[in-house]
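Numbering (the working numbering), first residue to last: 1 to 125.
Please keep in mind that the hints were generated in silico from the structure rather than gathered at the bench.
This structure is a prediction, so every number in the text was calculated from the model and none was measured.
Heads up, the beta-carbon is just placed ideally off N, CA and C, and yes, glycines get one too.
Possibly wrong hints are sitting among the right ones.
[Said to hold, decoys possible] Here are the computed distance ranges between Cβ atoms for each label pair: (1) 118 / 31: 29 to 37 angstroms; (2) 55 / 113: 52 to 60 angstroms; (3) 15 / 78: 38 to 46 angstroms; (4) 92 / 123: 40 to 48 angstroms; (5) 44 / 116: 48 to 56 angstroms; (6) 109 / 46: 36 to 44 angstroms; (7) 43 / 74: 20 to 28 angstroms; (8) 74 / 36: 25 to 33 angstroms.
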Amino acid sequence: MGSTGGGFIIGFFLALLIFFSVLYTVLSPYSTVISGLYQTTQSSWFNDAITVLNYVKGITNLPGLNLVTGGASGVIDGIVNFMTQTRQTIALLYTLMIITLPVIAISIIMVIIGAIVVKRSKPTT
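Using the sequences and the hints given, assemble the complete structure.
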């Protein structure tokens with residue numbers, strides 16, 4: 001029973017270790033860029049820009065003005081959606097970048113613990 005549990009621990013955390021090691025290798029060269037983009041997308045002026053764009057979209061969507069602007073509210077809506085999706089994507093990348101090293105460390109520890117459990121388990125006859 002111990003060898004099965006230990007084998008599961010080894011396999012699961014080894015897979016986690018490999019995944020997050022690759023993720024860390026991919027993200028680490030861009031860590032300063034990701035941090036900068038995260039700070040920018042979470043700033044107050046970024047939120048103000050989205051608010052202003054929503055306000056302008058509301059103005060350009062007025063019945064008489066919509067003919068003059070040529071449907072600019074749809075374009076502005078696309079820009080606002082892009083900015084919002086960018087904020088969410090950068091926040092996800094930033095979170096992944098922060099948790100990679102702790103997950104790698106925990107995975108290494110758990111693989112060692114799994115190996116100890118397998119080694120100490122009594123063979124069944």
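Could you work out which of the previously given hints the structure breaks and list their numbers from low to high? Nothing - there is no hint that the structure violates, so all of them hold.
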